[in-house]
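> The chain contents come next:
2 protein chains.
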Amino acid sequence: MNLYETLAADIEGQVARGVLLEGEKLPSVRQTSQRRSLSISTVLRAYSLLESRGVIESRPQSGFFVRPRPKASARPAEAPKALVLSSEVDVSRLVLSTLRTIRTQNAVPLGSPYPDPAPFPWTRISQYANAIARRNQHWSVMDDLPPGNPQLIRQIARRHLENGLAIDPSEIIVTVGATEAINLCLQAVAKPGDTIVVESPTFYAMLHAIERMGMRALEAPTDPNEGINIEALRSILSQQRVAACMVMPNFQNPLGFLMPDARKRELVELLSQHDIPVIENGVYDELYYGDSHPVSLKAYDTKGLVLYCSSFSKSLTANYRIGWALPGRYTAQVEKLKFLNTLTTPSLPQLAIADYLQHDGYDRHLRQVRKGYAQRARMMAAAVLRFFPEGTSVSDPQGGYVLWVELPAGVDAMQLYAKALERKITVGPGHMFSARGSYTNYIRLNYSYPWSKEIEDALRTLGRVIGELL
Amino acid sequence: MNLYETLAADIEGQVARGVLLEGEKLPSVRQTSQRRSLSISTVLRAYSLLESRGVIESRPQSGFFVRPRPKASARPAEAPKALVLSSEVDVSRLVLSTLRTIRTQNAVPLGSPYPDPAPFPWTRISQYANAIARRNQHWSVMDDLPPGNPQLIRQIARRHLENGLAIDPSEIIVTVGATEAINLCLQAVAKPGDTIVVESPTFYAMLHAIERMGMRALEAPTDPNEGINIEALRSILSQQRVAACMVMPNFQNPLGFLMPDARKRELVELLSQHDIPVIENGVYDELYYGDSHPVSLKAYDTKGLVLYCSSFSKSLTANYRIGWALPGRYTAQVEKLKFLNTLTTPSLPQLAIADYLQHDGYDRHLRQVRKGYAQRARMMAAAVLRFFPEGTSVSDPQGGYVLWVELPAGVDAMQLYAKALERKITVGPGHMFSARGSYTNYIRLNYSYPWSKEIEDALRTLGRVIGELL
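Chains as they are written, first to last, in this note's numbering: chain A, 1206 to 1675; chain B, 1206 to 1675.
Just chain A, same shape as in the assembly (with noise of 0.2 angstroms):
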């Protein structure tokens, strides 16, 4: 191809692909000859081709405008592809289609790691945003280095005081989400090749994190009222060298047990004894439904080992992406890790949540999300085993969003997963849960979305393909 031939095919590539829209300007020739290093007349030759193949039109005294085309039919939604999945389910995947088939078609989300962000105060939030980017403030990268905003730092460490631990702020590390959180500490404390210990069923997210670090998972017994098996654990630290402990202690994904105090105790003078660090993720912790925030396994830390990992994805807004980590006696290599992996976080998102934690009606608004969970939790319950075969059962959870339900035995779960796709509705199959292949007959479903004929008629609809399957 000559040199303008090849320029067309480069702009006509990109009209095709929705990168040039119809009706948009062309940069002009000067320009384009000049970015491009090409002569004048090489970029005109390049315009006329595409002129007289109908993508672009010059207009006079304003240059060249990308055509309209002609319109094509609308196209079908495209169908819900089934994944298939081999026994090495690739669970990010499996989320990210969950979540795109939420959004792009409607699909009733029950298999949806997220919370309804309906109820979140938005509009509070997105207010302070604008009176802070109103302010036309100069911000420098360096004005939020690690360990992250001090304004939003202090309003962290007053939450967790109100919340009853007392923390010192500069052990807290602003993130980018809970999920960098996790990642920073695991890497702080871990490296590739060392075991670590978590709960089975395990949120899959953690898995993640263990894997991609070339790290190993030993998925330890766990109670699903009272948490990991203190027994248990306490033989495989003796059988075997641990880098780590990772555990969800308040309401944990997808179990949803509250752990009993005297065993966070336990937990955490266990692990103190053979000096292993344990990260906690506490993202749930503010949507507790009983009468007080749960206590942290920080608040038995003596030793500075409890590696707190949190964010305000679950409880104010997923989209502005603040996590943080309290990282015990490791702050300063989470904070050295903060810097290597994303640098900083965005200060403008820092700013606007720690205003709105200054001035507004956090707690109302966690009173208002709570009750709601609390409710729809045991209608959530209740309606699985009105529709579902005899064999099922289901959690009791405490806090949180989410209900795992054990289906008779001999359903796969992977299955059911496809097939109520098809139907338009999704679900979180057990295989997540676990690396081994085990839960392949349970599910876990997400209950923070109001009660409505739409997910009840779902949960009918599944009730009725499970015992297809059976």
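Be a bit skeptical, because a hint or two may be false.
[What the hints assert, rightly or not] Here chain A is said to cover these stretches of chain B; the calculated rule only asks that three of the stretch's residues, wherever they fall, bring their Cβ under 8 angstroms from a Cβ of chain A:
hint : segment
1    : 1235-1244
2    : 1474-1481
3    : 1492-1499
4    : 1543-1553
5    : 1602-1611
[As the list claims (entries may be wrong)] Restricting the straight-line Cα-Cα distance to at most 35 angstroms, the calculated cross-link-like pairs of lysine-lysine (DSBU-like) are:
hint : chain 1 : residue 1 : chain 2 : residue 2
6    : B       : 1624      : B       : 1541
7    : A       : 1396      : B       : 1541
8    : A       : 1396      : A       : 1541
9    : B       : 1541      : B       : 1576
10   : A       : 1541      : B       : 1396
11   : A       : 1658      : B       : 1230
12   : B       : 1396      : B       : 1230
13   : A       : 1629      : B       : 1541
14   : A       : 1658      : A       : 1624
15   : A       : 1658      : A       : 1629
16   : A       : 1541      : B       : 1624
17   : A       : 1576      : B       : 1230
18   : A       : 1396      : B       : 1230
19   : A       : 1508      : A       : 1541
20   : B       : 1624      : B       : 1576
21   : B       : 1541      : A       : 1624
22   : B       : 1508      : A       : 1230
23   : A       : 1576      : A       : 1541
24   : A       : 1508      : B       : 1396
25   : A       : 1230      : B       : 1396
[What the hints assert, rightly or not] Example chain A residues on the side facing chain B (calculated, C-beta under 10 angstroms, incomplete):
hint : residue
26   : 1375
27   : 1500
28   : 1672
Think of the hints as simulated: they come from the structure by calculation, not from any bench. For every residue, glycine included, the Cβ atom is placed at its ideal position computed from N, Cα and C.
Keeping the supplied structure of chain A fixed, place chain B upon it in accordance with the hints.
Frame of chain A; chain B shown alone:
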């Protein structure tokens, strides 16, 4: 300690640490009782104790407040601490310390890796952010799942096209700055233990990324004007297994060279023959001094082996933390890793930058910045040659904003760093640009700031200190 004493100690500690500020209202007795599961009388006893100690005061009808404390005499600004660095230079600590010194002590920012933020159009970008926040749009985390916000992706594709590179927009993955993009790309193409070829000297963030993932950096000879030595690379590839190559062909940090196009083509061809992916760091691409935008390695790539990484941090705004990757045949893997690393990039910064690119004067802004940088490159080079002892030589940057200075043999740049810091001047010691302990008599100087007497004096002082070190 009793329960009430513990509570009082917690609150007193938070006041001492500045989490609770003077005059700030404490949570009510009822709230604290509920949140911490303590009886009303326990909380009241704690508050009374704090009142008797003068930490808080009760105000009729309004509750308890933190009492103003007697003003301590203003603390003298902390003297800059000279870092004691072993042969294992902790580069991230050095960079963080440099930035903090610049920020908190107004040190001369010759050692900063970031451009002077002053000429950046942050006012305009804030206005777009404001308009977006004002719309109060209901964002869910699902809206901008990887690969990223569709509007921003279209603008990035357009910008590449304007700069002469036609790319498929579905290849673009939005990240938290180029830092995240580089980390994810490296992880997509190599695994712990693998060997990665880099330039020598090389930008330290690349060395960090390699080290952090347990990979091995192999520093290849690099010509200060033409970039990585292709013959040397050919010889390396014939002798050992290399998993990937990381380069910065345009305005390399710290050398500032523009790799000739013929060399770029040769490099891509050589790596393609061996089927070795190359991560291209393009963060300075928009900061060219020549007539046209430099060509990317990506332009010569026919096999999808070039993973291009860039950001708006060096050309528009660092604080919004928006970067992207064009990972070629590794796009699916990088998209998945993005999901695992930080889930999504915050929407508000993505949308604000998309709006700015679509509606505003990015090119006008850049023309001014480029002109200033080109001029200051010459001024700083001249001043260095004038003030520094004989035996000093300087680079000839073709873009970007850093000068690479070779000091007379025997001068230790870390000693210079420490002595300069005592005089509130920062420099980038050459030690940071190699994992092998090379470049101990080199420094990197940032010339993005407007020329001033302060900068000239700082260079004169540096020259004197170097003389003393000889």
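> List in ascending order the numbers of the hints, as given earlier, that are violated by the structure.
The structure conflicts with hints 2, 5, 6, 9, 11, 12, 18, 23, 25 and 28, although it agrees with all the remaining ones.
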